[in-house]
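Enquirer: Residues per chain are reported as follows:
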Amino acid sequence: MDYLDGVIVLLVVLGLVGIGIYAIMVSRNLIKIIIGMQVMVKGVLLAFVLAGRVSGNMGLGQSLALTVIVVDTIVAVVALALAVRVRRRFGTLDPRALTTLRR
Amino acid sequence: MDANMAVIGLLALPLVGAPLTYLADRLVLRRGGKPRLGQWITLVILLLSLYILAIFWRSETRREGVWLLVGSISLHWDGLSVLLAFTTLLLGSVVTLFSGTYLAGEKAHDKYFPLLLLMIGAIIGLGASNDLFNLWLWFELMAVSTYLLVAFYPQEKGSLEAGVKYLVQSAVGSVLILLAIALTYTFAGTLQLDGIRARFSDLSAPLWVAGCLFIIGFGVKAALVPLHTWLPDAHAQAPSGISAMLSGVVIEAGLVAMLRALTALGAAETHWGILLMGFGALNMLFGNLMALRQHQIKRLLAFSSVAQVGYMLAGIGVGLAYQQPIALAGGMFHLFTHALMKGLAFLAVGALLYALVISHHQHTPLTVEDVCGAAQRYPLASLTLAIALLGLGGLPPLAGFMSKWQILVGGFSAQTNASVALMIFAGLNSVLSLGYYAPIVNRLYRHQASEAVLKGNPLPLVMILPLLIVALGILVLGFVPSLMNPINDWAASSILGFGIR
Numbered sequence: 001m002d003y004l005d006g007v008i009v010l011l012v013v014l015g016l017v018g019i020g021i022y023a024i025m026v027s028r029n030l031i032k033i034i035i036g037m038q039v040m041v042k043g044v045l046l047a048f049v050l051a052g053r054v055s056g057n058m059g060l061g062q063s064l065a066l067t068v069i070v071v072d073t074i075v076a077v078v079a080l081a082l083a084v085r086v087r088r089r090f091g092t093l094d095p096r097a098l099t100t101l102r103r
Numbered sequence: 001m002d003a004n005m006a007v008i009g010l011l012a013l014p015l016v017g018a019p020l021t022y023l024a025d026r027l028v029l030r031r032g033g034k035p036r037l038g039q040w041i042t043l044v045i046l047l048l049s050l051y052i053l054a055i056f057w058r059s060e061t062r063r064e065g066v067w068l069l070v071g072s073i074s075l076h077w078d079g080l081s082v083l084l085a086f087t088t089l090l091l092g093s094v095v096t097l098f099s100g101t102y103l104a105g106e107k108a109h110d111k112y113f114p115l116l117l118l119m120i121g122a123i124i125g126l127g128a129s130n131d132l133f134n135l136w137l138w139f140e141l142m143a144v145s146t147y148l149l150v151a152f153y154p155q156e157k158g159s160l161e162a163g164v165k166y167l168v169q170s171a172v173g174s175v176l177i178l179l180a181i182a183l184t185y186t187f188a189g190t191l192q193l194d195g196i197r198a199r200f201s202d203l204s205a206p207l208w209v210a211g212c213l214f215i216i217g218f219g220v221k222a223a224l225v226p227l228h229t230w231l232p233d234a235h236a237q238a239p240s241g242i243s244a245m246l247s248g249v250v251i252e253a254g255l256v257a258m259l260r261a262l263t264a265l266g267a268a269e270t271h272w273g274i275l276l277m278g279f280g281a282l283n284m285l286f287g288n289l290m291a292l293r294q295h296q297i298k299r300l301l302a303f304s305s306v307a308q309v310g311y312m313l314a315g316i317g318v319g320l321a322y323q324q325p326i327a328l329a330g331g332m333f334h335l336f337t338h339a340l341m342k343g344l345a346f347l348a349v350g351a352l353l354y355a356l357v358i359s360h361h362q363h364t365p366l367t368v369e370d371v372c373g374a375a376q377r378y379p380l381a382s383l384t385l386a387i388a389l390l391g392l393g394g395l396p397p398l399a400g401f402m403s404k405w406q407i408l409v410g411g412f413s414a415q416t417n418a419s420v421a422l423m424i425f426a427g428l429n430s431v432l433s434l435g436y437y438a439p440i441v442n443r444l445y446r447h448q449a450s451e452a453v454l455k456g457n458p459l460p461l462v463m464i465l466p467l468l469i470v471a472l473g474i475l476v477l478g479f480v481p482s483l484m485n486p487i488n489d490w491a492a493s494s495i496l497g498f499g500i501r
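As they're listed, the protein sequences go chains A and B.
Counting from 1, position 47 in the first sequence corresponds to residue 47 in the UniProt record's numbering; the numbering is continuous, with no gaps.
Counting from 1, position 444 in the second sequence corresponds to residue 444 in the UniProt record's numbering; the numbering is continuous, with no gaps.
Zero decoy hints are in this set.
Here are the simulated SDA-like cross-link-like pairs (lysine to any residue), alpha carbons at most 20 Å apart as the crow flies:
#1 LYS42/A x GLN169/B
#2 LYS111/B x VAL84/A
#3 LYS157/B x GLY91/A
#4 LYS157/B x LEU101/A
#5 LYS157/B x ILE31/A
#6 LYS42/A x PHE133/B
#7 LYS111/B x ALA81/A
#8 LYS157/B x ARG28/A
#9 LYS107/B x ARG85/A
#10 LYS157/B x ARG87/A
#11 LYS111/B x GLY33/B
#12 LYS107/B x GLN362/B
#13 LYS107/B x ARG89/A
#14 LYS455/B x HIS360/B
#15 LYS157/B x ARG88/A
#16 LYS157/B x LEU93/A
#17 LYS42/A x VAL168/B
#18 LYS111/B x VAL78/A
#19 LYS157/B x ASP94/A
#20 LYS157/B x THR100/A
#21 LYS157/B x ARG89/A
#22 LYS42/A x LEU183/B
#23 LYS157/B x THR99/A
#24 LYS42/A x ILE74/A
#25 LYS111/B x VAL28/B
Calculated directly from the structure, the hints in this document are not laboratory data.
Please model the complete structure; the sequences and the hints are all you need to start from.
Expert: Next comes the structure, spelled out in structure tokens:
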């Protein structure tokens, strides 16, 4: 793999993670926050594939990425289930409504 | 049974047991009975695991640690694993005994014990993994089971809010850990913890970035101060048994995971140690100051956990920075005694909460005013709560004094300005922390009984019994702290002498 290709993939990784963090910080909707978390994880998947490629063990990098996909799906399911509960109980998905505990 | 079989048994038992307990409770529920079977199966599994741990402890091959290869997954069972597993199993059994009655009225009762077992199994596995990616997998399994347990009351607004905050912060943290793992793998070409240490033998930019990402990522779970904001909500809103587990072992499991990752990047061990010392000071001061202004008891205890993690960080930081096994063993000892004391504090508060609030089918939080004069009607619960609080404050002759003392001794024997200053700071903070522990004890014993106490229901014996067991443990460790020395020293030496086969 070219050095340039690696740099491009690395930039995409950082970009995706950055977009995810930005989305989590500014979104005013729980679903969008969950999407932001997903975008971050997609960046990480790319990072694992890149890591496998650079260190010369393509198979291991890909299998790690696959495992991350599985675990990430579980987290997303739990997060969405919580979001459904929040919508039913609070009547809104706005995270700014979730401040009853602050003091 | 040899040592290898014992380790495999310890890893497998809780994970196999989790679905079994769920099935058992569902079957009983379908026949119209009360789901009590799950609790007893959980208790039997945990006690059996403790027995296996004892067998392992008495086997002759244990000293070198156990290296295992299950498929392509490599496991390393050393002192740190033993300490973490012992703490988790001990506290887990007590919590199991306590929780059956506490949750009897809840709808989701049948899901509690399987999730608890899953969490315990994940923590044991986390201590045993010798591979960065596996470490993350166990860590994530623990996280998912705790998400569900924190948001355990789906009808309560506070519970949902705490669950969402906890989930979002932890998930971001775990993404940062994954980035660090990918980075480490890119430059070290291996994921084995000892292999990474050998390959990353000089200070380089990737090592610094990976280490900082590990500290931030695992720091979310271990409640390092700027990253702790989920903790007071989650610990206060979870069912009391889970609060005890969260405070007693889950944040410590985050700490252990961080230690494993940082010792793998061992070339910068001194720097990581100094960084952890800094976080320790920050945690102590901030946790204590925030705890001083809380009115809800469970929230107060949650902030006190932030402060107590500071003591562990101080001990571990001095140990890593100046290669002081005493300080490191002190940090490990404090990990154990804190699990006992904070576990007992949350359980005793949970017992009072049950008697005063939950048995009236309500979910309002318990404030410090509510427990005024509780000693008159609930003498045993109040006594155990007082023992736990004074132990946390570091009064002799309780276990908390002994572990803090060992950290202080370790810090002073390092004989550097930074460590001595940190230890004086820790001592002063200990005094500051009495500023919120002592008033609660005062209220329990010397105030007129509050309205809530007068209207309270009696406590069943099955909730008192676990409190007494842990309180006895705290007293015994206060008088004979050397009981824990073999485990603590082994844990410390397996951190310092890491990766040496």
